[in-house]
Amino acid sequence: QKEVEQDPGPLSVPEGAIVSLNCTYSNSAFQYFMWYRQYSRKGPELLMYTYSSGNKEDGRFTAQVDKSSKYISLFIRDSQPSDSATYLCAMSDDTGFQKLVFGTGTRLLVSP
Amino acid sequence: DTGVSQDPRHKITKRGQNVTFRCDPISEHNRLYWYRQTLGQGPEFLTYFQNEAQLEKSRLLSDRFSAERPKGSFSTLEIQRTEQGDSAMYLCASSPRGGGTGGNEQFFGPGTRLTVL
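So the protein lines, in turn, are chains A and B. In case it helps, the numbering used here puts the first sequence at residues 1 to 112. In case it helps, the numbering used here puts the second sequence at residues 113 to 229.
Rather than coming from a laboratory, the hints here were simulated on the basis of the structure. Some clues are possibly wrong.
Claimed, not checked - One-sided and incomplete, this derived list gives chain A residues near chain B with beta-carbon spacing under 10 Å:
#1 GLN31
#2 TYR32
#3 PHE61
Only a predicted model underlies this, so the values are computations on that prediction, with no experimental measurement involved. For every residue, glycine included, the Cβ atom is placed at its ideal position computed from N, Cα and C.
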């Protein structure tokens, strides 16, 4: 079983929809939680960064962390065709060098 | 541009050849990471540098792989005697520091796509 589980999709939504992306994890030591966006054949771009539990909002993006359920979410409001990409969740613990452990990524398709 | 840069962006090589990739981190970032990403998967950790010291290596990093970060600035990743299974995107990331409630953000470069024929 992988440390981080993420549905690969694809997830298809119409423009303007609210998108919900999720990851579950098994390692209770994880303290840092990140969401990256990756366009085809490009490097991952950091979208959201959260420490421990709680919510964080940045423009159309909201990240939620529920450590008791080992579950994290990314919500995208008013989705746009330009949001079409693969969304990767990543997390690390608070010790040592804090390597990131990634999910497989969810491919999102927003149709005009 | 002050982001992470990687060179080359694409590399096609024949099995058995050696290849070397370069990563230039964001200025003043003392932490540098290498990851490998295959199609349909998330990036997987390979190795980590704090300044010039290589402090951690994944079991994914076989003896054919070697990484350096002289003077704590740019880093190189070399693969000797390449195999078809080495075909992947090799990603470099840098981070200003770690621990506490901030500073663990890792910023990725565009990657080097390696194809081994």
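So, going through the hints one by one against the coordinates:
1. GLN31: Check passed: Cβ of A:GLN31 comes within 9 Å of chain B, closer than 10 Å.
2. TYR32: 5 Å, holds
3. PHE61: Cβ of A:PHE61 sits 15 Å from chain B, so the hint is violated.
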